[in-house]
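Based on these hints, arrange chain B on the given structure of chain A.
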Amino acid sequence: MTLLNNIGALNQAFDQEMELNPRIVIYGEDAGFEGGVFRATKGLQEKYGKKRCFDTPLAEAGIVGSAIGMAIYGLKPVVEIQFSGFVLPAFNEIVAHAARYRNRSHGKYPLSMVIRMPYGGGIRALEHHSESIEALFAHIPGLKVVIPSTPYDTKGLMIAAIRDPDPVIFMEPKRIYRAFKQEVPNEPYTVEIGKAKILQTGTDLTLVAWGAMVREAQKAIDLLNDSNISVELIDLRTISPIDRKAIVTSTKKTGRFLVVHEAVSSFGPGAELISLVTEDAFLSLEAPPSRLTGYDIPVPLPKGEHHFMITPQKIASEIKRLIAY
Amino acid sequence: MLSKTYDPLKGKKLEILSAEGKVIKPSLMPKVDLASVRKWYETMVFARVADQKAIQYQRQGRMLTYAPSIGQEAASLGAIIPTEERDWLVPAFRELAGWLQKGAPLENLFLYWYGNEAGSLLPDSVRMLPISVPIASQLTHAVGLAMAIDYEEKDEVVIAFCGDGGTSQGEFHEALNFAGVFESPVVFVIQNNQFAISVSRKDQTRSKTLAQKAIAYGIPGIQVDGNDLFAMIAATQEAVERARAGEGPTLIEAVTYRLGPHTTSDDPSIYRSDEEVEEWKEKDPILRLKRYLISKKKLTEDEDQALYKQFEEEVNTIFSRIEESQSPTLDDVFSYTYASLTPNLEKQLRNAKQFLEGGE
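Chains as they are written, first to last, in this note's numbering: chain A, 1 to 325; chain B, 1 to 360.
Looking at chain B on its own, in the form it has when it is part of the complex:
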């Protein structure tokens, strides 16, 4: 078991692909074909471009506050790759590449950050909960889904995300404890991107690793290089297989770095140095996979540049559709609080309509 070899209490971390793009642990390399790797790379680049464009739109005053995933593409994507369509994704709010891999259209996600709840209404085929802005409380929902899966005796697994800050929340503890007690088929992924807004990882907890917190709940935990797509796939693959086999939950700590701001309202230059950011840029998950693909002759520099250009156009097209989309109607904002309008809401809606129609 990987979590035994890579014991988080001993500070061990699973790494397969080096920053130079070389496979340093061939024995642990997941069985992947190069065509798929190329496709995953494209998903990561697409997510990167979408993030960069969204920040640009926000700066132009065309997008509302946005939380980019730049630098964390491999952590979220790698955790979704070993799952099936029937499995569930419970995101926090920085899992863009994973969302795309799950089949959620970028349109929905942009629409949400554009300020329209309709963005959270995903196609039925996409088993994914809407993003959760409160921190870590969505992990208990993931456990409830997993408990229900057990109840219905279904062969499904739940993948749930939170950040390093989320591990300080009480509900992180309650979720892991419940999952441990009920041996629920859930995989928790901590995206340790080193900062919870401005509070650094070292100020978040005295634990040496976040993965070792699993020990307290009697479940396996493993620290993984979160910028290494192959290590993320390998760790999640094992965790998903354990969950499917009825062996309960796993905690994965993906060690990564948030290259962008917390959201577009945040200025990370206040709390971190340029040197640190530069250092992490060398470990960029996209750069790393690019080097790997080039070495395998599955990608050229020219093709890579063409990809960025193509995706920029695609993202621009998608965003223009978002900008042209209709705002919610008055009926719309009243419609989803209860199954049917309460007498009180009927009255409030009637009054609001009278005001709109009558002008006074």
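Excised from the complex, chain A in its bound form:
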């Protein structure tokens, strides 16, 4: 076991998988020599050479499009988009091509590739650096969308993403890249894509979160320590395909449902979760299923961002409202 933060866990996942599989190539703007602006790919070029870890021209569609060609040929590209806010020029490649090649070629050209990107707010960043756009990808058939929240899951999910036969969008909550450390096994291991994790069992309310919001949810539960409210906390971990069973089973048990996400509210992942809870656990519900989300506005610049962010206090207050409903 080694004590690692999320960045360290990512770096170890890449290193160990590259060691095992010579067909893995890692690239993107600044991903080579510098090791990525967040240093997730640090040292890989030095260890594996410029052929396997390299810098590209600043062109997101080119990065993703060339990765598609590489995957068709049988390599395993793991490409970096520097911030999720910059993925939009590559959106055509992801949606029109990466997500569809298996289908388009009637199974002949499956694309096993990973597109990774830091996402989310709370780091006092510039415009376009703080959005949470997981719903945009989760809406597209053919993609898998994964968001880890701990170093253990980051390593295990990244290795699973690299080994997955389908294209995986791997979104990294940059706010907690270095926020805390956790003991992580030294050897390579996988965490199954498509499986949520119950972080804490409870009987009164099911609380679902992912990414940086898991920590805020945990803090909210701490705030409620004296209130006798028993919360079941679930880390969704995979936005698509969604772990419907885990959500429904828990909600049937607790009778109350709250989803918390940084993404804006309308047409967001919360709507999907509430829809499935309503479909499959309606008769167990003792309060309307609820979502606590960002507002339907562009994420404000740092001076105003606190208005937008989900805080433990907001979460605790919403939990109390649902319990008292």
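Among the hints, a few may not be true.
Derived lysine-lysine pairs resembling DSBU-like cross-links, with alpha carbons at most 30 Å apart [as the list claims (entries may be wrong)]:
{"id": "1", "chain 1": "A", "residue 1": "Lys-50", "chain 2": "B", "residue 2": "Lys-154"}
{"id": "2", "chain 1": "B", "residue 1": "Lys-154", "chain 2": "A", "residue 2": "Lys-47"}
{"id": "3", "chain 1": "B", "residue 1": "Lys-347", "chain 2": "A", "residue 2": "Lys-108"}
{"id": "4", "chain 1": "A", "residue 1": "Lys-245", "chain 2": "A", "residue 2": "Lys-195"}
{"id": "5", "chain 1": "B", "residue 1": "Lys-53", "chain 2": "A", "residue 2": "Lys-108"}
{"id": "6", "chain 1": "B", "residue 1": "Lys-13", "chain 2": "B", "residue 2": "Lys-25"}
{"id": "7", "chain 1": "A", "residue 1": "Lys-197", "chain 2": "B", "residue 2": "Lys-347"}
{"id": "8", "chain 1": "B", "residue 1": "Lys-154", "chain 2": "A", "residue 2": "Lys-76"}
{"id": "9", "chain 1": "B", "residue 1": "Lys-347", "chain 2": "A", "residue 2": "Lys-245"}
{"id": "10", "chain 1": "A", "residue 1": "Lys-245", "chain 2": "B", "residue 2": "Lys-353"}
{"id": "11", "chain 1": "B", "residue 1": "Lys-347", "chain 2": "A", "residue 2": "Lys-195"}
I should point out that these hints are in silico values taken from the structure, not numbers from a laboratory.
Same frame as chain A, but now just chain B:
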């Protein structure tokens, strides 16, 4: 190097075979034997007949929307002739003669335009990507293939196509820039057929030629008479050899003309004159090669007419097989989105089957 002699910045264009079917640049004539030329001619005629029949089927309500390649047979065929079986073809969607030369059966292509994805499942021996309906974004895939070829140190080359409209897309720029930076073994062929649906070549870009765009990426570019099979072979031959020798990508602009509509849903009479079309008909790549073969006594008028008749029958037979083919099953349309069905898709498929079986 041809791209030096035929400098696109000086408006030079490579031409070998005149519209009258005469070799005007004997020194540049590729080394080809007449039997092969006759075979290529037949491939072009077969493609022409297939296109004409497909339009006919569409008008009869038997075929869905179809995008014919009429007039562009030499541009696509000539670019594939210098390649080997191990090389890759990344098409746009107007490369029928090239597809046939690559070994892709007409059945597959008809099946695709007939509305069945199974058409895109080509035999393993045919190294070709499925057609890409979005414009020019497939060029980045071609570069990725070429980067992978370099990575695996294989002796293979990628030929990628787009139209004149495709050169306005951002991904055209990104693909050429990547290929230039990584010196990838890829040959880009622009089929400049003068129109992107209704937008003419002059409204597409202020560049005098499309080939000169190569200069911006530090790679060779050459403008070629795309209705001249020999010029296309010569230009691509050189580009393929450069790619194989590790000297990187080349951009070829094939100047040609789309004699038919953009697709069967389009009416080109709205945006172009009959005079213009007639003018280009005189430069028809098939007519030109026919004149050449007749002058070389490798073809007679009678043989030519017999060819058209024979191919019409062949195409009709192929199309009847397509019409008799099975539509995809419900399982089929669910099968290829992910490697295995997600729980959500399992549920949706189960529900769909229950509905079909139960009726309500």
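(request) Would you mind confirming whether the straight-line C-alpha gap from Lys-347 of chain B to Lys-108 of chain A stays at or under 30 Å? (result) holds, 25 Å
(message) Holds or violated: Lys-347 of chain B and Lys-195 of chain A, Cα atoms, limit 30 Å.
(response) Judged against 30 Å, a Cα distance of about 17 Å means the pair holds.
(request) Would you check the hint for Lys-50 of chain A and Lys-154 of chain B, treating anything up to 30 Å between C-alpha atoms as holding? (result) With a Cα-Cα distance of about 18 Å, the restraint between Lys-50 of chain A and Lys-154 of chain B holds, given a limit of 30 Å.
(request) Take a quick look at whether Lys-154 of chain B and Lys-47 of chain A sit within 30 Å of each other, Cα to Cα. (result) holds, 24 Å
(request) Assess, step by step, whether the Cα of Lys-197 of chain A is no farther than 30 Å from the Cα of Lys-347 of chain B, and give holds or violated. (result) With Cα atoms ~22 Å apart, Lys-197 of chain A and Lys-347 of chain B stay inside 30 Å; holds.
(request) Would you mind confirming whether the straight-line C-alpha gap from Lys-13 of chain B to Lys-25 of chain B stays at or under 30 Å? (result) holds, 12 Å
(request) Would you check the hint for Lys-245 of chain A and Lys-353 of chain B, treating anything up to 30 Å between C-alpha atoms as holding? (result) holds, 21 Å
(request) Take the C-alpha atoms of Lys-347 of chain B and Lys-245 of chain A, compute the straight-line distance between them, and say whether it is at most 30 Å. (result) holds, 12 Å
(request) Given the hint that Lys-53 of chain B pairs with Lys-108 of chain A, test it: the Cα-Cα distance must not exceed 30 Å. (result) holds, 29 Å
(message) Need the status of pair Lys-245 of chain A, Lys-195 of chain A: alpha-carbon distance at most 30 Å?
(response) holds, 9 Å
(message) Just to be careful, I want the Cα atoms of Lys-154 of chain B and Lys-76 of chain A compared with a cutoff of 30 Å; is the pair within it?
(response) Holds, at roughly 17 Å.
Hint check: no violations occur; every hint is consistent with the structure.
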